[in-house]
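Asker: Read off the chains here:
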Amino acid sequence: MNFVFDLAFIWAGLIAFAVLTYVVLDGFDLGVGILFPFAHSKKDRDTMMNSVAPIWDGNETWLVLGGGGLFAVFPLAYATVMSALYMPIILMLLALVFRGVAFEYRWRTERWKKVWDIAFFGGSTIAALCQGIALGALVQGIEITDRHYSGGWWDWLTPFSLVTGVAVVVGYALLGATWVMMKTEGAVHHRMRDLAKPLAIGTLAFIAAVSIWTPLQNPVYFDRWFAMPGFLFTLPIPILLAVAVYKLFTGIARGQDVTPFLAAQALFVISFVGIGISFYPNIVPPSLSIWDAAAPDSSLKFALVGTVVLIPLILAYTAYAYWVFRGKIDPEAGYH
Amino acid sequence: MLSSFAAETLARFQFAFTVSFHIIFPAFSIGLASFLAVLNAMWLWTGDNTYRVVFDYWKKIFAVAFGMGVVSGIVMSYQFGTNWSEYADKTGPVLGPLMAYEVLSAFFLEAGFLGIMLFGREKVGNGLHMFATAMVAGGTLMSATWILSVNSWMQTPAGFSINEVGQFVPEDWWAIIFNPSFPYRLLHMVLAAYLTTAFVVAGVAGWHLLKDRENKATRTMFSMAMWMALIVTPLQIGAGDAHGINTLEHQPVKIMAMEGHYESHPDGAPLILFGIPNPSEKRIDYAIQIPKLSSLILEHDLNAPLKGLDTVPDDEEPPVAIVFFSFRIMVAIGFAMLGIGVWGGIQRWRGRLYDTKWLHRATVLMGPMGFVAVLAGWITTEVGRQPYTVYGLLRTSDSLGPVAAPAVAASLIAFIVVYFFVFGAGTFYIMRMMGKHPGTPRLGLRDGPIRTAGITPLQQTHNTHPAE
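Read top to bottom, the protein sequences are chains C and Z. Just so you know, the first sequence maps onto residues -5 to 330 in the numbering used here. Just so you know, the second sequence maps onto residues 30 to 497 in the numbering used here.
Just so you know, the hints here were simulated from the structure itself, not pulled from any lab data. Wrong hints could be hidden among the right ones.
List of simulated lysine-lysine pairs, DSS-like, C-alpha gap at most 25 Å [to be verified]:
{"id": "1", "chain 1": "C", "residue 1": "Lys37", "chain 2": "C", "residue 2": "Lys191"}
{"id": "2", "chain 1": "Z", "residue 1": "Lys152", "chain 2": "C", "residue 2": "Lys108"}
{"id": "3", "chain 1": "C", "residue 1": "Lys322", "chain 2": "Z", "residue 2": "Lys152"}
{"id": "4", "chain 1": "C", "residue 1": "Lys108", "chain 2": "C", "residue 2": "Lys37"}
{"id": "5", "chain 1": "C", "residue 1": "Lys37", "chain 2": "Z", "residue 2": "Lys152"}
{"id": "6", "chain 1": "C", "residue 1": "Lys37", "chain 2": "C", "residue 2": "Lys322"}
{"id": "7", "chain 1": "Z", "residue 1": "Lys152", "chain 2": "C", "residue 2": "Lys107"}
{"id": "8", "chain 1": "C", "residue 1": "Lys107", "chain 2": "Z", "residue 2": "Lys465"}
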């Protein structure tokens, strides 16, 4: 396996970065929605939603960047993946519509507040489920002949993809629980702390199940992990994972504010790197490589110039927005 | 064959449906974001609390509209791939980077600063809050710039070559971005967004003036909106005319359809004011027309020859009736807006701007018309460039992905049901907020301590709102 450092490779890295940033940022705010029914009171739900209200929109923009970026630099991957994952993607988009509008609508009505609570929960859960299914379906591989998707309509639906779907729901719920723990005090904080432990156990069980099952999907994945040079990257993964797991459980047990959230995020980052190792050098397994799918160099260069300038800027003002809304949420605040 | 035809028709309908729903929100939020920035600046500059009352009123309406724009926009960024994957594969190298720039330079800017604009005044102070408000407004304009460049390139492609697998390959980015129709389309659309917003604001203010003509905030809104109507409508008519002449140069067939010119006119073409296109006979029935005026408008010469659709092969002809009618609807609304603007100007000059009930009633009627005009305009330009997605180079039928009719039908039904439900509810909430006068405490909530318009003393409304 050759290691080529060129424009296409840089772009694969950038797209991976955008998707990872999306997971890190939107995972917890989808998780807050998934946990909505587990809150004990209306006021707790208000507080939970307020904790993500100022930032969810920015978080979801990374998903648009994932789609737009893929269209820009790997148009063939975008075209074939969208065809192959037609149904889960449309379902995810519709689910995001419901949860997105719930942020505003919920405050605009008393009679229908319940309806938008359900929309927020249902939308968040289905969006997470579809993202997990899409991931599982990608890992299974997408059949491409002559630049077209050549599989069937239901290829994405398998036991494996359903497991990855549920895994993402449980994992996002863990992120949401640790986020709310970090951002709140009192009853809702304790409620989330109670939920965090079983969610952490569930997340780890799913990570284990998917890790064992993935090489069975395609023997290539096994080689990626245990043959050089992939092995150099895979070696630290179990060690880092163990550290994160330790921090997560002790953090939850000690009632720490920030540590459980960061440790839960670390689980996602590590898993994501693991998936990246499995995929490389393909962008759409099993046959479409980064270089097959890449747009011409003139596109890659033009897009890269702006990206290199703008991404650090975006990260800076996103960090600023988080800084402005730092600390515990005041349950009485909000502009509504 | 039948099923691929059905899939194409359904996919086209799905795109038309999702994009039409989507454009309504940006058309409003581009204008409203700028309006809010101006209001906040005026408040900081003059210290007049009226501006703050108006700002807080529209801020809440903006939040709901913006939320709807975001979620319907996320759908758009995936529509190209789900149904139109051939198009995506072929145009991605040219259009993808432009859209990536839109996301990077506009969407993140809006989203990053929206939270601070809506929730953060107390946390960051007035100066930074003003900056955030300006960034949101700038983001909406930046977004419009990129996406109109993308659309314009599809209408008037430039600066590219085609590679061995049929993809459009960028050769000259400057030529791609500033393609021939882009400046005209951008100007026309941004002015349209401003006018649409101005007429919504005028309509809401007119409604409240009918009930209470003393509310200072309502007067301020109405006055600002009527200035916009008076100044921007003539500019927009001029921009539309220039855009039309540009279209004649680059997409003459679209102009033939807009004008209803089935026949060529070697010495001066008439302007058909109204009529009913008869596609099977290839003529306009019951046409009411002014001789030679079309040549005068388009070529600035009464006797200039204009070619008609008789010079165009049938498989290159767009659906004439849709283009013909939608164009007339847009133009009619444009001139009605001009009428309102001039009327408002006259009443202002006579010192009766806030006392002319018929003017207020007319603005209420015209309140939603900007949206109708925007949709009619987009239908004109998008249907008018058929049967191509990339004009003259990539046919719509060749843009379709390997999708089956049942899948497209199912997703189309899902979109229709969800959009009407979700955006119907959102529109209802917006209308309900608009139904309350500016300064209403807890504007957004049904169970808030709502006072009947006109009863609340003005000072009291001013004193209560900052606590929200």
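Asker: A separate judgement is required for each hint: does it hold in the structure or not?
Answerer: So, going through the hints one by one against the coordinates:
no. : hint                  : verdict
1   : Lys37(C) - Lys191(C)  : holds (23 Å)
2   : Lys152(Z) - Lys108(C) : violated (31 Å)
3   : Lys322(C) - Lys152(Z) : holds (14 Å)
4   : Lys108(C) - Lys37(C)  : holds (13 Å)
5   : Lys37(C) - Lys152(Z)  : holds (23 Å)
6   : Lys37(C) - Lys322(C)  : holds (15 Å)
7   : Lys152(Z) - Lys107(C) : violated (28 Å)
8   : Lys107(C) - Lys465(Z) : holds (20 Å)
This entry does not satisfy hints 2 and 7, going by the numbered hints stated previously.
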